[in-house]
Amino acid sequence: MTSPVWKIHRNGLFWLLVAFAAVIVLHADHLPSWILLAASVATIWRIQLYRSAWRPPSRLIKTGLLGLCLAGLVVEYGSPVGLEPMVALLVSAYLLKLLEMHHRRDAYLVVFLAFFITALDALFDQSIGNTLYIIGCLSLVLAALLGLHSTDADGGGQLRPLGKAMAIMAQALPLMLLLFIFMPRLGALWSVPMQQQSAKTGVTDTMSPGDFSRLGRSGELAFRVSFEGAIPAQQNLYWRGLVLAEFDGRTWSRSPLSRFQDSGLVQWYGDPPKSWDQLIERKGEPLAFSVVIEPTQQRWLYALDTPKPDSEGVGLTRDYRLISAYPLRSKKQYRVNSWPEHRLEPQGLPPQHRTVYLQLPEEFNPRTRELASRWRKMVSDDLELVSRVLTLYNSEFVYTLQPPILGKHSVDEFLFDSQRGFCEHFAGSFVFFMRAAGIPARVVAGYQGGERHPDDYLVVRQYDAHAWAEIWLEDRGWIRVDPTAVVAPQRIEQDLQSVLGSETDFLADSPVSLVRFRHIGWLNQLRLQIESLNYNWALWVLGYDQIQTAFLRNLLGDNSLWRIALALTGVGGSLLLLLGFWLLLPRRRERSRDLLDREFLRLCQKLEKAGFPRQVGEGPRDYAQRVAESRPELARELVEVTRMYEAMRYAGETPDARTLARTIRSLRINRSG
Amino acid sequence: MISPFRQFFQHLYARWLGHRLPPARQIKLNTRSLFIFPSKAGFSFLLLVVLCWLVATNYENNLVFGITCLLTAIFVVAILHSFANLSGLNISCSRVSPGHAGHPLTIELVLQQSGKRLRENLILAFAGHELVAIDIAATEETRVKLGFVPVNRGLIDPGRLCVESLYPLGLFRVWTQVDLNIRCLVYPSPQTVLNRRTTSSPLDGDEGLIVQILEGGEDFTGLSDYRPGDSPKRIAWKQFAREQGLYTKHYGSAQDERLWLDWDAFPGLDTEARLSRLCGLLLSIVPLDVPYGLKLPGLTIAPNTTDSHRLQVLRELALFGLSDRGGER
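Protein chains in written order, with the numbering used here: chain Y, 198 to 870; chain U, 9 to 337.
Read the hints as simulated data drawn from the structure, not as lab findings. Heads up, a few of these hints could be off.
Listing some non-contacts, in silico: residues in chain Y with all C-beta distances to chain U over 10 Å [what the hints assert, rightly or not]:
hint, residue
1, Arg256
2, Val271
3, Ser276
4, Pro371
5, Gly467
6, Ser527
7, Lys574
8, Gly674
9, Arg724
Computed cross-link-like contacts, DSS-like style, restricted to lysine-lysine with a CA-CA straight-line distance of at most 25 Å [as the list claims (entries may be wrong)]:
hint, chain 1, residue 1, chain 2, residue 2
10, Y, Lys471, Y, Lys505
11, U, Lys153, Y, Lys204
12, U, Lys36, U, Lys124
13, U, Lys153, U, Lys36
14, U, Lys48, Y, Lys294
15, Y, Lys204, U, Lys124
16, U, Lys124, U, Lys153
17, Y, Lys259, Y, Lys294
18, Y, Lys480, Y, Lys505
Since the model is a prediction, treat every value here as computed from it, not as a measurement. Glycine included, C-beta positions come from ideal geometry on N, C-alpha and C.
Pulled out of the complex, with its shape left as it was, chain U reads as follows (with noise of 0.2 Å):
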């Protein structure tokens, strides 16, 4: 439970974090991004200082003295050492492999500098995301991927990066939360339709239900008994009422391979569970080498096999309904 003080300091501290380090495609670190302060090993080692201070004072030793100002020197000359670390790194994304939503996607960073300084123990991560720690050995550019779980579909923003590090003595972390404008294209999460509930399909396996469900040729090629399962947007209502029993009705032909992912083949489900639905249903076509066509609400996309067509359906299923398309292609 996070206290409503808490929520409102965090609150303000977002809005000034958003003010200083505005959304930017690359970012410099430098004074302005970085920012430093004693971590709790910081103070541990204060409080050592006073306890020589101490020490020298009580028994009027100058070389404890003179070792207590050494530490204190140490001290103040880390503050340098560790914003040394983070200091002059340039950051930008350079390339975000799009992934399901609840499953993890690999954002690609690129960190630069301009020298050869060597840089140890870096530890980066989206906020309540994978750490990872890397050295920045002396070339002048290097590449970091990072893992990052989005629980949504959509253009996902993955957060503000942060880059932190306690090298080289751990009393000072220097850290920094940069905003990259990152935006991750997040497919809905796949959902497997696949359960064996019918098994005398006229084809056979997984195959023959997924055409079962996505036969959505235009013509009408016959009715059959209805087996429970069928959608009820098929039942031959017109038989039904006349008395004559349960029936299916049958689109498509057995010639035509083309299949649909319909929208309207999930009926009584919400859009996600919908969506869901359907991107594990393409995942599972894809295999299988047919053409397939995507109907949604407003958007029909015609059959096909190429790899553009899978992405164009995906993405259609990752944006579709939402205000943020990320500039229409």
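Just chain Y, with the same shape it has in the complex (with noise of 0.2 Å):
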């Protein structure tokens, strides 16, 4: 039963354009710009054919714009694979079938890839801003999609979708909630094509000079953290992510031990512990925290030492780091027990560990090697070893975001030359130190500190990010040792801001960041209170499927399947019973007829009490010519009122019961006879 030509009418359109251009707008930021134009001639097209002023495209320009579309995303992209060149494909198809709406499947297509891509965009970013933005573009899509159905209107009928969309959205919104708790989340089937442009700052797996002072620059978040007990002293917060074993003379990358990810040298939680579970010993209470970290599209995580899982999914590794079963492709929630008295491995390093913690490459820095073995000689506890080296560092060292530029035998350089460096540079040098003495050493990267929010979590961010050393000494096992704590002792008590605030190049790459501000009173207030609603925004909505489990067996008591369908029907059953008693029950918006009915009622009881009741069927006029026969006197009034009370009820005149009641009233009649 639908009509066999379909074109698309004005209102239609009109709804189609503006869903479109929201769209458009809402991939911009990722979209290459030759698209954007391309939107903007698509729309200036659609228009014209909807004025019969321009002819559809023919099927040889269709061709030929579809294939200007895929080169351009080979010249862009290169390769196909991938998060942005998808959107950029969809997106493509999407404005050339807005030529090409012929029937109404075409329009229908045009509004579900607008959904599709509305919904990709959260891919790209997840903040609250960008949802709310979402939301009114799903709104303006769903307008469209409404607009396809309803018929023409003119003037102030064409906001109408708009207000049915908005209504409709309204009413899904509980229901989506539900859904949203209780709808059981299973992890990847399948991995997908991730975003190309995630070169974004962050810990890398690799460190060389310059890489952390980078970081400093960066004012973006990297995780936060928010502790069962009281926060631990700032000096004491060394979140681990990496340990950099093996150094090429100027880089420090992992080593193959830490690269290989054998089920034998991860503990999954959940897992029965591996052998090498017992070569750590942990002593007194856990710390019990859990991290929202950022999306890194790296698999590594961060912990306190020394930290045992306590979420699915996450891992111990064999030295003692934490992973991900998956690439962290969104914002990530885990838990973890913490044990700060610990002791790993004291009883003795496997010999082939030895060997990767005690590699060194020949060729470089000889004048560090020298110092070392001289010094080898003339101390022989390794303890007081450390002491001398770091007494070196704490003479003449400066900490600072702008170190000179090193040569090939940089640790050479860094020690007896320019002293100057931040971070890296001091774990780096130092770790070769120890080397070249024969202790085994590895540098660890992750973060230090973090900013304590006054809702009682820890905001760590880019700035935070630090590099230390690790080194195994007999019957002590691992221990840390981090040099830059010797040469600037605030950086590890209070943070970075405190040491280096007055270098230009702190907080270099985020200009507008409200960090900066943080000596104004007020716009300080503001800044955490937009980073609580952000946190809790990651924990609640973006984290939820880390919680789900946990959540549920809170509310439920358990969240067994059936229990979870049975919340699930139940409430949302009740939920659209009461949206379907509200949609279906006719509007009692006919008040006004139902008084107008009672004065007439009224009026008959007055009427019969003076001898003269109305008779089955008897309409009103009837009624009053027969009353008015016998009672001459009042003639003129009855036949008033039954005038009056007929036009107002069922001839459309303004209903107005109290000028009728009024009138009833005033009649005055006396029984008859």
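Since each chain sits alone in its own frame, please combine them into the complex, following the hints.
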């Protein structure tokens, strides 16, 4: 029963184009500029098509446009794999389809593409602001879908589709929340192309001079931590992320041992303990905390020493770090128990590990090697050697974000010439020195410190990135040594800003970051409030899949599937029932009519008392006529009242029950006879 | 070609529908009379939801998951909105204007609602006939005229009225097929008898011809030379047998202006053809404002010129020989 010739009407096209513009703007920041241009051309063409001013594109032109778009995408991205090319391809299809709407099903395709493309934007930006914009976009696309089905309306009716779309959105919201809370999440079914522009700031798995000083320029969020107890002292907050054991003369990178993610070397949460678990001596009470980490596209996670995972999909590695089962494509939350008091492998280091942690390239840094072996001969005690090196740092060295550029023998140049550096210089040179002196050592990369939020959680930013060292001593096991703490103790006890706040490079990449204006009271207050809102957003919405199990267990007592299904259908069913009642019951807006009827009934009673009961099926006018015949003195008033009643009740005159009531009351009817 | 299978199911459906929605003068659209099912677009929308879910799951993105939930919720809420667009509406037929077979006639329907709900884009049609899309504004009563082209004369049942709505989102089709017990009085398709085969008629032009065909006065007025086309019934066989030549008998008189629509004027034709020609003649006569009568086998209506007379004649033409006379007036 659909009409054979379909042409989109004015109002429908209007909303379709508004939605189109909104969706394109939503994606504008990661679309090539020529697509934006093509989108405007498509819009103009579409409008001209509607006005029959231009002709629809011929098959040749359509093929040409398609080819042009594909060629553009190939030039722009090279490979079709990846999130951006995929979105760009969809957007191209979207704007070409806009020109080719011959049937209603084409219009459906356009609208459904718009829905899908809008949803994809959530992969790029998950901030609260963007989410609101996405919801706005969805409303507009819904209005476009509605516009396809409402009749064309002029003037005031033009906004009707949007109003109705908003109403449907609002009514769908409770149901959506219900589904969001209760629907079980499955893990990734297959691996998917990731964002290409992921060269975001963050700790990487290699460390060359200059890497960490670059992070010091960024105020971007790294992760947030909430502790079950009190937040430990600032100088104990070493967020261990990566162990870098291999040195090629310039760059520290992960050892093969650490890169090798064999199941034997990862202790996943919930698995039976591996043999090397007994090498860890955990003492005292653990610190329990949970971390919400920003997407890094990497697998490593951050935790305090020495951690044990308390969340599904998180594992402990052989070098006592945490890793995630999948790369972090979106924010992730995980819980950890850490034992600040611990000993790691105090009994002895396996020979192959010893080799790894003593490895040094031969041809680099002869001066350092020479000094190390000289000191080794003078001092037999390892700890004393360590304190000697640290004293060396303490004497002359300067901690700065702007270290001079180093040549081939970077450690030599740093230790003996420039003596100015950032954490990676100190950690790298220290580990080099230790290894040269025969002490197993490794660089650890991660974050140090964090900002305490008044709401009792910790915010760790990119400029908190830090590198330090770990050395292995007989009977003590692995212990942490942070040479930076010796040179710039404030860096560890407070934060980077307190040491380098005056340096121009600090936060140079985040010029408008509110962190810059910490010293302005009310602005700082605002910043902290926004921060708190974002944290809760990340915790409860973006990271909901991580806490769903625990949340549902709390809510339902147990999170078996049938209970979830019961809650979902029960609550959802009652919500729908309520909505159904509200939608389907007739609106009682004709109250004024009821009032008129009541007044007329009063008149009938009055007349009945006077001895003129209304007969069954007698109309108001006939009734009045009959009474008037026996009581001519009332005729004029009676006719007037019935005329008034009929006019208001049936003829569409503005109902005015009060006037009618007054007139009826003024009727003086005496008992006849 | 309709496959027998399909035919069988259509038959089953019609029987079931007749049972569920028996004919009634007024039908209220409610859960009993309305049907709802996802449209093709609705199923495509579900595909979209699945796609979004796959993205959300594979990227482990809770925001996309939330959007998936929102789309699902919209789909569910759309069920209620689609249903509400038709539910609570009273449909009855207010007037059927009679017409001729093969020509469109209009059926006026009244749609009533007790509240003031705005209903958009309702599509009404009798199966296989013209579609009408209407909005029902906040008024309580809306009248809509539907076209219907009957094939045969008689008291015709236009079939079930289809009322359908895709509003608001097109994801669900809500429809009903109600039998409002409508009977349209359909007159025979008028066939014009006038062609210029006779030029030398006593009266000139059409009028002469009509009179010639219809003059059916009781009195024999004389003979004239036979002209090809004269009714064989009027041939003066007696004279012919006497070999006096071929003559045509003439009845009636020039003074007697009464004309007769006579069944017997069209010998050799079948019933429908005769009725069509009589109907066509009637339509040609009415503007002449002369009294006319109707002679059908077993029925004679005396000549008259009034409007009610005309309607009665048309009615007899429409119902001649049919068993269903819709309760004789």
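Verification of the hints:
Against chain U, the non-interface label of Y/Arg256 holds: every CB pair exceeds 10 Å, the least being about 25 Å. For Y/Val271, the non-interface assignment is confirmed: its Cβ lies about 24 Å from the closest Cβ of chain U, beyond the 10 Å cut-off. Non-interface call for Y/Ser276 relative to chain U: holds, since the shortest CB-CB distance, roughly 19 Å, exceeds 10 Å. For Y/Pro371, the shortest C-beta to C-beta distance to chain U comes to about 8 Å, within the 10 Å cut-off, and the non-interface label is violated.
Once the 10 Å rule is applied to beta carbons, Y/Gly467 is consistent with being away from chain U; the minimum gap is 19 Å. Listed as a non-interface residue, Y/Ser527 fails to keep its Cβ farther than 10 Å from every Cβ of chain U; the least gap is roughly 5 Å. Its beta-carbon lying about 56 Å from the closest one in chain U, Y/Lys574 satisfies the requirement of being farther than 10 Å from that chain. Residue-level check passed: Y/Gly674 sits 36 Å from the nearest beta carbon of chain U, beyond 10 Å.
Here Y/Arg724 stays apart from chain U, with its beta-carbon at least about 24 Å from theirs, past the 10 Å limit. Only pairs whose Cα atoms come within 25 Å are accepted, and Y/Lys471 paired with Y/Lys505 is accepted, the gap being roughly 13 Å. Simply put, U/Lys153 and Y/Lys204 have alpha-carbon atoms about 24 Å apart, close enough for the 25 Å limit, and the pair holds. Annotation: proposed proximity of U/Lys36 to U/Lys124 holds, straight-line Cα distance about 16 Å (limit 25 Å).
Straight-line distance between C-alpha atoms of U/Lys153 and U/Lys36 comes to about 19 Å, which keeps the hinted pair within the 25 Å bound. A C-alpha spacing of about 19 Å is found between U/Lys48 and Y/Lys294, which places the hinted pair at or below 25 Å, so the restraint holds. Taking the CA atoms of Y/Lys204 and U/Lys124, the gap is near 30 Å; set against the 25 Å cutoff, the hint is violated. Pair hint U/Lys124 plus U/Lys153 holds up; C-alpha atoms about 21 Å apart against a cutoff of 25 Å.
Among the hinted pairs, Y/Lys259 with Y/Lys294 is consistent with the structure: their alpha-carbon atoms are about 10 Å apart, no more than 25 Å. As the CA atoms of Y/Lys480 and Y/Lys505 are separated by approximately 13 Å, the hinted pair is consistent with the 25 Å bound.
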